[in-house]
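Combine both chains into one complex, guided by the hints.
Spelled out from the first residue to the last, the chains are:
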Amino acid sequence: MNDPNARAIVTVPEIAVIDEIKDEIEDVRTFYFSFENQEAGRNFRIKSGQFVMCTVFGAGEFAVSLPFSPENDRLHLSVRQVGKVTRALHELRPGDKIGIRGPFGNGFPFEEIKGRNIIYAAGGIGIIPLRSSIVHVLRHRKDFGRIILLYGARSSKDLMYRYMIDEWQKIPGFETHIGIDRAEPGWTGEVGFVHTLIAKASVPAKDTTAFVCGPPVMFNSVIQELLGVGLKEDAIVSTLERHMKCGIGKCQHCAIGRTLVCTDGPVYTYRQIKTLGEQI
Amino acid sequence: MYILPKKESLRMIAALAEDYDLYGPVLQDVSGEPLFDRAMDPADVRLDAAITYNPPKGVLFPQSERILSYRYDRESRKASIRRDDLVRPKALVGLRSCDLNGLLCLDRFFLGQEYVDDVYLDHRKKMFIVANTCVRPFPQCFCVCTDSGPSAREGFDVNLTEAGDDYLFEAGSDKGEALAKRLGLKEAGPDASARKGRIVDASIARFDAEATENKAWISRVVNRITTGFIGNEVWEYVGDQCFECGACAFVCPTCSCFNIEDVASGEGGADRMRSWDSCSFEGYTRMAGDHNPRKPVEDRRNKRFFCKLSYTQSKKYLRPGCVGCGRCARVCPGDIGLPNVVTYIRRETTKAGTR
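Residue numbers (this note's numbering), protein chains in the order written: chain W, 764 to 1043; chain C, 2 to 356.
Next comes chain C alone, as it looks inside the complex (with noise of 0.2 Å):
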């Protein structure tokens, strides 16, 4: 471990910011409010900032994007296909554990399973990731619950934990290792991971206090969600709440289904498009011919949570679905963020219990 004082994490930004498109919590103009996005100068990548309003993993899975483009040419006959080039080098700049957490399961997901999504690994090559301790909780936060924070463990290249006037920095790769060397860092000492350690154990003390916006037992209902005994009417009143907006997935860190479409860009020429989408719109399992497999809310509304919460989805992120970033609870207007619904689902099960 390596001391970088404060007053130097600047230089630290500055000097990825040579190598790589940087990308960081910057403040929103008008609003102040911390957002993940693209920082044109280093200055503006704030360490300090809370957790940002929407997790990165638009950087790795735009909104929209175009992955491929064609023309055809029905006089000539003749069709050809294009794919994009994605690959740029990006530096991911105080990504929290719980969305670094979240990145690590979409690489999971996308990469690791029987075939390897191309498009987002164009996004994820050639990237450096530093992560960013929370030495006290948010809020929104339930990351202990679901064993993704306040600290990192894996992931990273780089991992800083605010020490006083100092950032612990901590290499997790060789890329982090030289960085250090390139900025000429001292070593911290013999005690660094002790000292490290008491910060975050000081950090998790704080969240019964502090973190009192949401609490998600998620280990409780995994099992029930898995084997799919809970009561209709848990799913009946959650599809009730549910507005169909797709705000939760938009915000969520793990949620990554998308839509493609091909989309006319003039003279026989199209561009394939590919933007998220959520499970929770009517029109997402709609085939030609309007034949909807599921079609009542409640059904689409169940398939999230046995998508972050069952056991056969964590096999393939390796871990639970949902990382405790608690954005869905802040974004939802229907109160069905995913601690609401686990604590239907616990309370369902309490009462059964009792009968």
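So here's chain W without its partners, still in its complex pose (with noise of 0.2 Å):
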């Protein structure tokens, strides 16, 4: 980087367009997109784990997590309408402008982790971040011991991806137990809470990294039963949300502790979680 002028302004979003919209659970919808700029979208590379600075204009810009896979995967952003930006972009019709900024952050360990056993544990929309990484280790499973997923949600209605995870399951060696909080008629799957999921599988404690997203609640009670599994804090991942404006490490809106979560984060281990002295 000789030329000052050459360095990347990361200021300014890149515009992509909305090819389709899917519907998910409710409040949830999924927008594929591509950028505008082909040379943009060449340049637009990820780890699992990231995040994008996403504009919709006219009404602000919000961090997201990226749902989708590092390797040969459509780009897209699976969001919850939940503040005022968020609630515009849902307004948006396939053929609308966006604009992206990023990707920022950290993200999931991918090399560290081979030849371990992979657990996901996601509650809710926690699953939307997991995805990106779930899909990747999929794709490289025989670097993988055994890859489990445990998903709760409130309802059988609130599951995210059950399309997803219908053909995920097909796939040989790829644990589920999926969830839902209390019995419903029709519902095959399991009854309660995530964490109750984790004695179900058998969870392995030797050489076992796991990853977590969900709610505080479901997020401390999982932890809790990982540890008492005898996984090691520093084996258990997990991607924390906090109010950005830049996400490149400026606005200083997402200081944890002594960490921002934009750059030393998104993706922190529970060790780290544990010496932030701040709610989650």
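FYI, nobody ran anything at the bench for these hints, they're computed from the structure.
Some hints could be false.
Sample of chain C residues lacking proximity to chain W, with all beta carbon distances greater than 10 Å (derived) [claimed, not checked]:
| no. | residue |
| --- | --- |
| 1 | L11 |
| 2 | Q29 |
| 3 | S32 |
| 4 | P90 |
| 5 | R109 |
| 6 | H124 |
| 7 | R137 |
| 8 | F139 |
| 9 | S194 |
| 10 | V298 |
| 11 | R347 |
| 12 | T350 |
With a straight-line cut-off of 25 Å between C-alpha atoms, the simulated DSS-like cross-links for lysine-lysine are [stated by the list, open to error]:
| no. | chain 1 | residue 1 | chain 2 | residue 2 |
| --- | --- | --- | --- | --- |
| 13 | W | K1037 | C | K316 |
| 14 | C | K79 | W | K847 |
| 15 | W | K920 | W | K963 |
| 16 | W | K785 | C | K79 |
| 17 | W | K1037 | C | K296 |
Cβ coordinates follow ideal geometry from the N, Cα and C atoms, glycine included.
This is the structure in structure tokens:
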């Protein structure tokens, strides 16, 4: 980087077009997109676990995790409408334009966990950021030991990506345990919170890395259970979310403990989370 | 080192005004208060003014500014984004040492981390800095406690030190040397450094008697703040005193938190505005859906002092985040400027020691 002017301008989004919109669960939609500038599209390389800043023109910008795999996957965002900007995103239709800045953040470990058993424990829409890693790991499943998905939601209507999970379940050697909080007529899966699925899956303690993402209550109970099984604190990995404005470590809104979620995270081990000294 | 006769200082400022937009201490029309602001006339820059009410950070990091604008037409689905060119040659004249150190903190933070902040970089390009040694302290000052004064050691193109009817003119860069040549200044002679040293020593000696508003032995609390071994009652007290007005952050030379908002400009267009923010505001960490991980005010106050005085933050600034200007103590309606908080923490430490 000899010419300082050649440095990428990190505050300006790339324009992208929404190609397709898919309704997922209530208030959650998936937006498939591609970059208007093809070169920008080719240069857009991600690690699973990273995030982007997404501009909805006229409304603002928000931070959102990336659900797609780093390899050979369609670009998309799965977003719940929860505030002003995400509501404006949900108003958009195929053909509409959005802005994308990024990717930012450290991302999930991948090379470091080869050869290990992998547990994914997700609650509700917490499966969105984990999807990227799940698809990536499944594509390289010979490099890993057991691969287990423990996924729970309030009810069967709140289970994200069910069509995808149905496909994944056909993959030999991929163990899935899907649960809902309360029994429903016609439900054949598990009933109970996510942490109760850990015992049902007989999660191995040795050489196991767990990825955990979900609401704080679920997060805490799952962590306790995993520690109880015998997982090490640094073998439990999660991704945090915070109010973010810049994504590049400058606005400081996402400061947690001595770290910034945008540049030091969003992926943290439980050992790190414990030392942050703040609420999750 | 060179000699700049005081009566010729205007000639220096006017020379800079030919090539740069001029900023410096100017006296406010009504109140006569010194503000660090744009000077339209070189004669408005007052090198003899007291420490300015506001730090110079607004020149590089304006309180509110447009960082880009866009237009989106939903009919044609055409989107365009335009980035503003913010590069303007600026001369900052009469910077006090604390403020220059604050500016260097901002440089290291905005330009020296994983990402370079291109908006700040644009402001920082083509800048000329004239620092001004404080030959006597002001009542609010404690730069000797924070190792950031009374005379700047780095980061200037020119540093002036008042010496009788002259300024000792110290060039800190090639640009500074060129200015001395252009003005035809005469060399100050071999004893100039020693003379400056005596002036600075005399200034330091006056702190005890004259800089009486604030003392902050920050080195005593840095370790405690970094490790978090501070009783919750200290933060609760500080939180109770906090009005959540954000004034401390706005007058701080090193506070740089910002907010970003898209403001409609009509016809499908919007301006992306970046503006100062403060970690004391409750909405600062509130997420969409109203989850706020850092709700109580003492949590938020704790954060500000961590940012100023922890080793962790010092690694980003390459020095403590407090430069001893004393402005937060002057503006705080709750009397919890940084020096006072340092005192509370030290008192607590002392009490714990005698228990």
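Checked hints:
1. L11: holds, 35 Å
2. Q29: For C:Q29, whose nearest Cβ neighbour in chain W is about 31 Å away, the distance exceeds 10 Å, so it holds.
3. S32: For C:S32, whose nearest Cβ neighbour in chain W is about 32 Å away, the distance exceeds 10 Å, so it holds.
4. P90: Nearest chain W Cβ is 17 Å from C:P90, so the label holds.
5. R109: holds, 12 Å
6. H124: Given that every Cβ of chain W is farther than 10 Å from that of C:H124, nearest at about 13 Å, it holds.
7. R137: Holds: least Cβ distance 35 Å, greater than 10 Å.
8. F139: Per Cβ check, C:F139 is outside 10 Å of chain W; nearest 29 Å; holds.
9. S194: At roughly 34 Å from the nearest Cβ of chain W, C:S194 sits farther out than 10 Å, so the non-interface label holds.
10. V298: holds, 15 Å
11. R347: holds, 22 Å
12. T350: holds, 19 Å
13. W:K1037 / C:K316: Roughly 22 Å between the alpha carbons, so the hint for W:K1037 and C:K316 holds.
14. C:K79 / W:K847: Status holds; Cα separation ~22 Å.
15. W:K920 / W:K963: With Cα atoms ~23 Å apart, W:K920 and W:K963 stay inside 25 Å; holds.
16. W:K785 / C:K79: Between W:K785 and C:K79 the Cα gap is close to 23 Å, so the pair holds against 25 Å.
17. W:K1037 / C:K296: Holds - the C-alpha atoms of C:K296 and W:K1037 are around 19 Å apart, at most 25 Å.
In this structure, every one of the numbered hints holds.
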